[in-house]
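Going by the working numbering, the sequence shown opens with residue 6, and the numbers climb by one from there.
In case anyone wonders, no lab produced these hints; they're calculated from the structure.
Note that the Cβ used here is the ideal one computed from N, Cα and C, for glycine as well.
Heads up, a few of these hints could be off.
[Said to hold, decoys possible] The calculated lysine-lysine pairs, modelled on DSBU-like cross-linking and capped at a C-alpha distance of 30 Å, are:
#1 Lys666 with Lys917
#2 Lys810 with Lys837
#3 Lys764 with Lys837
#4 Lys764 with Lys701
#5 Lys1132 with Lys1146
#6 Lys419 with Lys444
#7 Lys937 with Lys857
#8 Lys542 with Lys471
#9 Lys857 with Lys758
#10 Lys324 with Lys300
[Said to hold, decoys possible] Now the in silico label distances, taken between C-beta atoms and shown as ranges:
#11 His830 with Asn722: 47 to 57 Å
#12 Asp379 with Ile799: 55 to 65 Å
#13 Gly418 with Ser1198: 51 to 61 Å
#14 Thr1106 with Met1195: 34 to 44 Å
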Amino acid sequence: MHHFDVPSLRLANLSDGDFRELVARLCEAERERQGGHRNEVHWGGSQTTPDGGLDVVVEAIGPFIPMGALQRRHVGIQVKKEDLRGAKIGSEMRPNGRVRTLLSDLAANAGSYLIVSASANCAKGTMIAKRESAMRQAIADDPNADRLHVGYMDQNAVARWVSAHPSVAAWLRERLDLPTLRGWKSYGRWSSTPHGHDDELICGDGLVVRFPDGTEVRHMPDALNAMCTLVKDGRKALRIAGLSGVGKSRIAQALFEDWPVESPLSRSFALYADFGDDPEPSPKEMLRQLIESGKPHVLIVDNCPPEAHTALAEELSRKSGSVRLITIEYDVQLDRPTETDVVRIDTEGSEILRSLLRRRHPSLSDVDALRLADLAQGNARLGLALAAAMPMTGSLSSFEDTQLFNRLFWQRGKIDPLLEESAGVLSLVYSFDVEGVEKPDELAILARLINVPRNSLFRQVAVLQKRGLAQARGRWRAILPHALANRLAKESLASIPRMDLLDAFASSKRLRRSFARRLSYLHDADEAIRIVEDWTKDGGPLAGAAASLDLLDIVGHLVPHHTLGIVDALISAGSPRSWDSFRADPVTRVLMRIARDEAFFAPVCDRLVAIIRAFPEAKKNAENALGALFQLHLSGTKAKTLVRQAVAKAHLTHPDETVRKIGVEMVRSALITEHFSSHGFLHDDALPEPYGWWPKNDEAIAWYASWYDLAVGSALNGHPSIRVMLRAVLASRAGGIWRRVPSLRPAVVAGVKRLHEAKEFHEGRAALIAFISLSRRRREAFPQEDVEALTELITAMEPSDLPGKVRHELARAAKHDLDYDHDDHARARAEKESRLVDVGRELGVDIDTLKKVAPELLSSPGTIYHIGHGIAQGAHDWKAVWEILCEEYSGLGDAAKQPGILATFLHEIDPKDPIVADRLRQDARTLAGVRKIFGMLLPNGEMSQAQLEEVLRLAGDPSCEPFYLSRLLWERDRSLPDDFKASLLRVLSARPDGLTCAMNALNHLAMDDDGIAWSDSLADAATGAVISLVETGETNTNREYEVARVARRCLEGDDGTRAQAILAAVANRSNRRRLYWPDFRQVLGVIAELHSAEFLDWMTTEPQFEAFLDLHDGYEHSPMCQIPPEKLVAWCGDDPERWEKVSATLPPFAFNQSNMEEVPQMTETARVFFSSAPVSETVIRAFIERVSPMSWSGSRATVMERRLEALLQLRIDCDEQVRAIIDHASVAISADIEAERAREALRDRERDQRFEH
């Protein structure tokens, strides 16, 4: 990692104390990397003291791995600025002619003694060896001399050691004033605490930390421990979010401190940067380098904008290794839950800020500190700014709040009106460009609003920055914290004519959006609401169906009545396919914001339901939003139980069945007891209670009690179309309520009883059995009397008649899971199969019951086919039972889901009376529904010639499902001849619905590699299927892999004919412009490997394929790299012109399939090809052309850097002429890499420095 390299000669410039601290920090870092603790390293004192005491001592207690400088658990280090040699080494180790006692002690403990010099520059290995020899000679007469490890480290060794620890390198570069790591810091004071002030974390009341699972923690030590666990155990980025000034940076710093964290993060892993400092390299480039190092690091990025965070989180998710990422910012709206754990810090009260103000400003009285803390609304940044602006003497009791705020803008003993007015107009927007890059000029637009020159406003921005009231990121500025900006913006709105504001912001879409973001915070400002209302008028950006969804998302909550009208217009103007999830997202978000107000809860639900009904592509978005609104926690709405239930009841009783089903989903969400989702609501609009109503204790109990009663009542007396659905909801939720709400356990039991008494509640009993089973396997402990009551209920609900037994087993099977009290999964499966066979046996005896339950039995989901065995075992009249099964199955049509029951019925009869079984099969062929699945009804094992001929006839029958017949191709117990398989393949492949089934079956057959080559007939037929799929079929990554596997088996032992036929099919599809080359690269790769000559002949005559190779020049894309090197060389050897042709199409750079990245190596094929080429200059020039990729992911500069490193490896074994070509090219490529890296850094910086996107 070149950014962390330190010039070794500069180490001599360190002071004695700094060099000693450097060595100690390196030892701490080494121990933390080994799993130890930095407290195992002790250092201090002066190295020039006459007693010659050890400067650094390492006593490893925790995990230890001998590596680097620390070769033993006990290490003593002498740190020296000068270069100790021969006699000086002896004097150092043997003052007064005797071995130092501390060295004897180290030897007795089999320790290690190191001398580390800042000035020694031992360019030759012999120089180090001589010094270490002198060290061994000095200790030679000690009885334990052989047990002591000695070592000498010069400045070069120390510099290499530093480069392995980026955090230490950052600290050292700061000490040496080296510029490369601009803005990057090791662990230290990351918050804005001034030097000389107490920086200890204040852990009093006043902060609440909200975790991704909805947990709220108010005790700071517990919160910090939980955050450390997220970082250590997780693989996602950690995002610390919260309004500016709540102490996020200080909290991030505390994660690495011994107090109050029990197990802090390792300080030596920490590397910190603030985006406002314009760090170089960029955080994204730094993250890449840390990941590539393969060593543990924690990257902390402060003031990290959402888009930059997303880019970092995506980079981390691709290959995190042992690197962890923490970002800090106040905006979380673009975070991706799949890649990020978001922890939000919010203030509750002013106590922490009061303590901080008293600490920073001891002259403030306790009363005045509390006054400022309250005025700043607990915001530390604003509170400190206010405190700094206050008069040095006297009480603040005589000041009005407005007067206190005005002190922020005092200059020379009085208020500066221009500074205050400038701050106000700048606060109208979330952020602004000060360099005039954005067109029209944003600062000029803002300056005109207060009638001042642009340059004057620019100077006021600089003053605000100095006072800590404005933040800078590159060319962007923002007035912060929001508590101040919002207050100033309100005052500006009242002092600037509304029409001037509307006209000014109409000229710039970006600035108008930024203005809208500020307005979104001002929900209690009448002027803000009037501006948004003006935007909703004809011709405005929020007018009717033409409204900007982006703006609507931002400010729609300020004018809820108008927003509902806009949404109505959007719905009315849309066609069913005109809405997709991207269009629905901003609409559902703004509706959820509006629903925060209880009065708008019902109207919002009406719109969400309308979206669900009208727009299939947007249905999921609206369903998620609606579901969140009805859950107990994280709903985002302040609507309480009665209001939400009124909406649910209206939907449950609605005349339209679709609406009634939506009502059921509302009830389902209301009964969730864990894993609440925070879908849809945001934190950046300054509205109170962003999480919505948060009932606790009795209120939460009352919530579940009333919703449970509503669900039970509706399941008993509601509309018949939803009763079954509600019973299923209650079955799935009863266990959760019983577990989470102990006081409602009697009510849960009573409700289940009521449902069971009205109609056997089999799904409820099955769910309770599963709940009890899972609880016991989890070793969960509940009061004995509660468990007994639940167990008694389950026993009382046990079905007493055969229909009940059947339905109960269907309910248990529908869960697609096994329920058992022990830990033996195989035993549980056997128990289930035994129960199903027993029930089936009773059904076989009781034909009337069988006929009664057959429709339910044959249309039920789940694995229940063993019932068929039991039915056949119990039946006295197989023919009668078979007729019932066939007629019922056929009558169900598409609802039939259990062909396995019919199959197992026949398979049970086959060994007992094969003639009867065959007759039953033939009888069933006349029923269309059964004929469709006839392939599944065939007997197991080997088949007669007559049966095989019948299968071929059925395969050509359009009414016969090809999937069930295709299974014959790979079922091993059948031992079918290859000629039959080939015939079946041809018939199935010729059917429009059979090609996919045939290919799936061939894939199964190809996977069953028994070492026996396919016969010519089977291989020819399979090749035909491959050709058909290539020419006509749709493909994807998985399908391509399967086709390639089949093609491999077809081409083994082929004389080239089949390979040529497949290549011709590829060319044919290409000529019809229906080919996407990457879809078939694996198939082409197989041909290239097994039939290289045929592939190369074809490639040189297929210009479109050559174009594909030029565009996709990476190893992972190219079939060329599958050609064995010796075959490629042999083919080129037949025609000298082929060398140049192949050189231009052969990707030379290796690719790691495990992490999908290029590695700095040449492929084996490229190396052999290069060394074998008669004119290697032509080859090397072609390779050089491919150093700059045509397509890539991540950093193009990094890809080029790796390719150049690989290219330089060829210098070793080439002649002078080729070496000169490589050397000349490497200079130009290196310059291109630096230029590309600069472009990437500029692009990243431009993106990352924005406050908004």
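Hint by hint, here is what the structure shows:
1. A threshold of 30 Å between alpha carbons decides the hint, and for Lys666 with Lys917 the separation of about 49 Å lies outside it, so the pair is violated.
2. Distance check on the hinted pair: Lys810 and Lys837 sit about 13 Å apart at the alpha-carbon level, within 30 Å; holds.
3. Taken as a hint, the Lys764 and Lys837 pair is honoured in the structure, with Cα atoms around 25 Å apart against an allowance of 30 Å.
4. Straight-line distance between C-alpha atoms of Lys764 and Lys701 comes to about 35 Å, which puts the hinted pair past the 30 Å bound.
5. A C-alpha spacing of about 15 Å is found between Lys1132 and Lys1146, which places the hinted pair at or below 30 Å, so the restraint holds.
6. Distance hint between Lys419 and Lys444 is unfulfilled; the C-alpha atoms sit about 37 Å from each other, more than 30 Å.
7. For the hint linking Lys937 to Lys857, the alpha-carbon distance of about 24 Å falls within 30 Å, and the restraint holds.
8. Restraint check for Lys542 and Lys471: the C-alpha separation of about 42 Å exceeds 30 Å, so the hint is violated.
9. The hinted pair formed by Lys857 and Lys758 meets the criterion: a straight-line CA distance of about 25 Å does not exceed 30 Å.
10. For the hint pairing Lys324 with Lys300, the CA-to-CA distance comes to about 12 Å; that is within 30 Å, so the pair holds.
11. Distance hint check for His830 and Asn722: the Cβ-Cβ separation is about 41 Å, which falls outside the suggested range of 47 to 57 Å.
12. At about 57 Å, the beta-carbon gap between Asp379 and Ile799 stays in the expected band of 55 to 65 Å.
13. Gly418 and Ser1198 have their C-beta atoms about 60 Å apart, which keeps the hinted 51 to 61 Å range intact.
14. Distance hint check: the CB atoms of Thr1106 and Met1195 are about 23 Å apart, inconsistent with the given range 34 to 44 Å.
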